[in-house]
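With the hints as extra help, turn the sequences into a complete structure.
Each chain, written out:
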Amino acid sequence: MMSLKRLLSRSLLLVVAVAAATAASAAGVIKVGVLHSLSGTMAISEEPLKDTILMMIAEQNKKGGVLGRKLVPVVVDPASNWPLFAEKAQELLEKDKVAVVFGCWTSVSRKSVLPVFEKDDGLLFYPVQWEGEESSRNIIYTGATPNQQAIPAVQYLMNGMHVKRWALIGTDYVYPRTTNKILEAYLEAHGVKPADIMIRYTPFGFSDWQSIVAEIKTFGSQGEKTAVVSTINGDANVPFYKELANQHISAEDIPVMAFSVGEQELSGLDTRPLVGHLAAWNYFMSVRTPANRAMIRAWHAYIGNDKRVFNDPMEASVIGFRLWVKAVQKAHSTNADKVIAALPGLEVPNLTGGTAQVLADHMITKPVLIGEIRPNGQFDVVWRTQGEVPGEAWSPYLAADKGVISDWVHAKCGHYDTVTRVCSGQ
Amino acid sequence: MGVPEMAPQAAADSRLAVPAGGGRVAGLFDRPTQVVLPLLAAALVLVPLLNLAVPASSVLHVSSYTVGLLGKYATYALLALAVDLVWGYCGILTLGHAAFFALGGYAIGMYLMREIGGRGVYGNSSLPDFMVFLNWKALPWYWHGFEHFWLAAAMVMLAPAALALVFGWLAFRSRVTGVYLSIMTQALTYALMLVFFRNETGFGGNNGFTDFKDILGFDLQASTTRVALFAAAVIALALGYLACRLVVTSRTGRVIQAVRDAESRARFIGYRVESYKLWVFVFSAVLAGIAGALYVPQIGIINPSEFSPVNSIEIVIWVAVGGRGTLYGALAGALLVNYAKTYLTEALPEVWLYALGALFVLTTLFLPRGVAGLLSRGHRAVTGADPAGSPR
Amino acid sequence: MRTLRHRDPGVLGPVSGRGRWGAALLWVALLGVAAAAAAVAGVPATSAGTPASEAAGGQRALLLAGLKSADYAVKAAIITQMAGQDDPGTRAFLAQLLQENVYSRESDGRIFIARQIGQGYALLDAATGMAAGTVSEDDLNSDFDPIGINDQLRSLLQSVLARFDLSSPDASTRLAAVTTLLQAFNDSTGNAATAGVTALLRARLGVERDRAVRRALQTGLALAALGSGSAGQRLAAIERLGSSLNPDVYNRLVALTAPATEPDPRVRAAAGRAVREIDGWREFYGGVQTLIFGLGLGAVLVLAAIGLAITFGVMGVINMAHGELIMLGAYTAYVMQLLLPNHIGASVVLAVPAAFLVSGSCGVLIERSIVRFLHGRPLETLLATFGVSLVLQQLARDVFSPDNRPVSAPTWMTGSLQINDALSITYNRLVVLLLTLVVFAALLLIMKRTRLGLQVRAVSQNRAMARAMGVRSHWVDALAFGLGSGIAGIAGVALSQLTNVGPELGQSYIVDSFMVVVFGGVASLWGTLIGGMLIGVVNMILEPYAGAVLGKVLVLVGVILFIQRRPRGLFPQRGRAAEG
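Protein chains in written order, with our numbering: chain A, 1 to 426; chain B, 427 to 818; chain C, 819 to 1398.
Each hint should be verified, as a subset may be incorrect.
[Claimed, not checked] With a Cα cut of at most 30 Å, we get these calculated DSBU-like pairs of lysine-lysine:
hint, chain 1, residue 1, chain 2, residue 2
1, B, K639, A, K119
2, A, K95, B, K767
3, B, K639, A, K338
4, A, K95, A, K62
5, A, K412, A, K338
6, A, K97, B, K767
7, A, K402, B, K563
8, A, K412, A, K326
9, A, K326, A, K63
10, A, K97, B, K639
11, A, K95, A, K31
12, B, K563, A, K193
13, A, K119, A, K97
14, A, K193, A, K164
15, A, K338, A, K119
16, B, K639, A, K412
17, A, K307, A, K63
18, A, K193, A, K217
19, A, K402, B, K639
20, A, K31, B, K767
21, A, K119, B, K767
22, A, K326, A, K97
23, A, K97, A, K70
24, C, K886, A, K225
25, A, K95, B, K639
[As the list claims (entries may be wrong)] Listed next, with one range per pair, are the computed distances between beta-carbon atoms:
hint, chain 1, residue 1, chain 2, residue 2, range
26, B, Y769, A, P349, 37 to 47 Å
27, C, D961, A, K225, 31 to 41 Å
28, C, T952, A, K225, 38 to 48 Å
29, C, T952, A, P349, 32 to 42 Å
30, B, F792, A, K62, 50 to 60 Å
31, B, Y765, A, E59, 33 to 43 Å
32, C, R1186, B, L800, 18 to 28 Å
33, C, M1287, B, G696, 36 to 46 Å
34, A, Q155, B, A766, 52 to 62 Å
In short, the hints are calculated from the structure, not lab data.
These figures come from a predicted structure and were not determined experimentally.
Positions of the beta carbon are idealized from the N, C-alpha and C atoms, including for glycine.
See below:
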């Protein structure tokens, strides 16, 4: 049964990791920490990221490791439990003494490990789309900030599809709240009246969409092109789309632009009712570039299953790993301080034909792609930005962030107010 | 609905009887207490010593990580005590005690958030970070005053107490008992969880409170502070244990156990059953709140998932495994199960849920008196002693 | 009315001619026959094969070649041009383009329509309409480029197809076409497009026989008249439109109340009156809609809770594994679909008894192996069953996957029943509501008319007395537990259609089930039904005002407070033994 195999492989992994850890100092290896949930509610999303990092480590070892030393993964399972994330981060940094950690998915988990990384002076690569409003010296954020996903998506709807009325529907947590605040400010700055914006929040795991969809239908049948901007959390999108289809709202009537629906969420789903709805990401598995094809081939070979998908957070993990390797090689050391100093300015290729560069605020540059859902669960890219968009930690559309920048190279500050010339949050 | 609930096995507990000689204080310090308190004292002295005085390279060194872990276990043990008091001794199966734990945690969390002051990311000394980026204009009324530690400390005890008082008064007055009451407590904690998850409620929503800087001026990340928090947790545990012993060996304790064993009879004899239940419920809620307040600074985060019904049921299993109706059993159960959890989620995460599930089933089927029951059976087997006055 | 196209052929296979493949095939066959006939008779026919049509076909090939372009604006222009041509093959081709079955061959750029047969695809040359062999899926992916469309193109294609569909032989297709065309009137300014649509509608009204389509056409023409120059005509149009609930009509009428768009005060007043009347009707139907939503939600709650009510009533134990038994039922529905991938409808119907058996036997197993030994200790039973629920959850994760599993809906459960423009009921909720009522009726029958029911009622009222009368209470326990668990399984099948099927499915419904049982009164079927429906309706009423979370919290608090007043629920059990 699947569980026995996984059980054995996990035990084996642990034995290997422990053995490696104990022999570490003598053998001259570099330990790489992986802090992703392997059980609990987040396991569905986070386990592929763990596998991606392990695959990258194996590949790098085939090339001789880094600085002539082999890489050894140390995998821990925080089990979708936020306090446990902090505990496991401490374990990785203090007990296992890893050189770098790739991990976290939810903002809560990242916020709970942040003090640990800052105190123990570790380095974390965070690969998931997030709401911004943070910039830490010890974290490199390879996931999209709102200006690398939400704003370009809204621009596409406004200019490309002439949308006049907006329904911002999200799950009630920080990412949708912040994103919608930014979007609301952006829309109003571009002449949209407050009466033309409808904002609703639902709890996690909400599945009874009848009345909200009816509300959207009424809101959208006032004669002007309406779109839904969905920051609904992954799973809950499925009953939402089904209800839309059942109430005869097609993508041509009221398109839904989602930020948390990717190939992973669509895999194994009946996507026919969803055809035509949109998603905004920095990567799609259907992008036809040699780099992407090669990566997908390698992924299928590694995981032993041709049906597995590759998605945006996995690409972000790959970029983060490549950046770390390059920084270590540049700094000739795995010491976190030296690597952090070496990172800003480094550039590595991404999988969609461009590059990703680390900026002074510890975000990276990413292209923005808008895709339409196809019946086979893949996305058809209908629009993309010309080059890459630089990530912004502090949104210029939020009153609290006016004039605030993050600069770890010169100002050495994550929240620097250029007006009052004060650095806060240290 | 069937036969009135009897708990014969708990009635056979020899701790029930006031000992023949020795008086009040001697009754307080029975055999298990004579083991537990010295153990706690030893931990209180040894662990800080081995962490601060012994160098890191030595084999005897206890890492800061372990200090934090042990401190966490201590707060869980206090929480288990609270539940044991209300369930093992009073017969109220509460499936929502994590709510009181979390409320205490949130109270101290509010203080810690205010302590951050201007050192938050936005440099706003009057508003915590999460309020700033959610565009709140001013601090809500229920946040005022939490920059003072004494207010936060008072709220740690008052907030759970108030909730327990209101809920308990409504429930016990209407004679809601047994399974109904358990379901109600579960609904209560579930509702609170939903409320605290909302961002409008002003408690950080899904993120909760994070990024604490210091407590009472001491940096939370420093190893001395961690040791101090550990010590505080152990002292609180010891005091809580003593307090519970006091309650349990007093007349109130006897009445409470009578209520557990035969509620109607106790009522007909003349005791105001509702008042006793309410008192115990509130006291236990306060204990849980204190446990929560000691938990949060050590963990560094408080989050609405602490309210989830699953957490509450897990507390019950700690008490069941350890042996309800015996205070030391609650301590033992909390330590055992949590250690197993830490070990298994690291080594064999797949197995953990099966193990936990099996623990529930096997304990209720074969170990109704938990590990404490095993120990006392072993003790009887070895010494041949028969527990005094054990009606079957 | 536009129904959702679904590839499921249904239990009996493709229904006559309605499937798009049927239509395309028919067209191709007709084409071939007409071509042959024309070639033989030399008579100009409305199909490819005559010199005129060949020329049109050649023209089409040129246009088609342009479709390879990646630019959506270019594609839109081509589609508009094709629509303007008098070419009968156009409609079928554009329908295929809408379905995204059109490909261009990489080697020579020719355009083909690909139709799936078995493992491969049959190719049709789009320019000539001739069959062009078959190709495997891999070859299709590597040698052919799909002609992609985006949402704007989809809208354009739909309005173009609607024009063709105005003369379709099927009445509902014509009605759907008129509805699509009416959307052109949403733009309050009169322009060439609406003038064209008006002419089409008028022409069609002359020959239309079907009543529903005639009404729609008249509404459309009245809408057009709203933009007329004469105030009198506008007034007359408003009279005619009266209390139409059509949203396009409503929007135009609202626009007419503004002085900026409507100079004549009489027309404005008339429009204002009409708008107020429509508002009143909309509010009424809105209320009915909320009620129906509430009943839909309540039906789910009732199904989930009714099994619990039985086990609680008979044995006084709360089965914490109840949620997982619901989950087992949902997974049974999933497995059924894996076994019968081509008969989704049948799989759902068969899943109901299958889930009953699976969850029921699981329930009996739990009862025999665990609950039986904890007799008289309901709190321990609660804990033990919680342990079982953890094990079942992890089992589901290991056997299936921690991911959600997809469960498709059969055709008769997709879409909605449109009662009028302001009121519609989604089929899936309607089916679940009916299922709930059927299950309830069956349970009532079992309880009141069968021997088992008699024994169950006896044991739940007074166990000792029932045993003294010779009832084997242990068997009754086991069977009651099994019955309750089986109903949970059926609830799982219903839920699989409404929400995600994953290992945590049960956890989301367990607290709600408890609430319904406790509110309605233990062991009372009617209590569960009424309690569940009440909770569902109240929840739905609160939702638009308080938001989803607060609404749920208020309902929970309301139930908790209610229990203080009536600790035994809405329909308490009677009898002295019940007080124990």
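Do the alpha carbons of K639/B and K338/A lie within 30 Å of each other, as the hint requires?
Given pair K639/B, K338/A holds - Cα atoms ~26 Å apart, limit 30 Å.
Does K97/A sit within 30 Å of K326/A, going by the straight-line distance between their CA atoms?
holds, 21 Å
Given the proposed pairing of K193/A with K217/A, does the C-alpha separation stay at or below 30 Å?
Holds. K193/A to K217/A sits at ~19 Å (cutoff 30 Å).
Restraint check for K338/A with K119/A, where alpha carbons must lie at most 30 Å apart:
holds, 16 Å
Holds or violated: the 37 to 47 Å window for the beta-carbon distance between Y769/B and P349/A?
Between Y769/B and P349/A, where Cβ atoms are some 42 Å apart, the hint holds.
K97/A and K70/A were given as a pair; does the straight-line alpha-carbon distance stay at or below 30 Å?
It holds: about 15 Å lies between the C-alpha atoms, which stays within 30 Å.
Is it true that the CA of K95/A sits at most 30 Å from the CA of K62/A?
Holds: K95/A and K62/A sit about 27 Å apart, inside 30 Å.
Beta-carbon spacing of T952/C to K225/A - inside the hinted bounds 38 to 48 Å or not
At roughly 41 Å between Cβ atoms, K225/A and T952/C fall inside 38 to 48 Å, so the hint holds.
Quick one, are K402/A and K563/B close enough, alpha carbons at most 30 Å?
Given pair K402/A, K563/B holds - Cα atoms ~16 Å apart, limit 30 Å.
Please work out if K639/B and K119/A have their alpha carbons no farther apart than 30 Å.
Roughly 11 Å between the alpha carbons, so the hint for K639/B and K119/A holds.
Holds or violated: are the alpha carbons of K95/A and K639/B at most 30 Å from each other?
holds, 23 Å
Would the hint linking K326/A and K63/A be met if the CA-CA limit is 30 Å?
Distance ~13 Å between K326/A and K63/A Cα, so the pair holds.
Of the numbered hints listed earlier, not one is contradicted by the structure.
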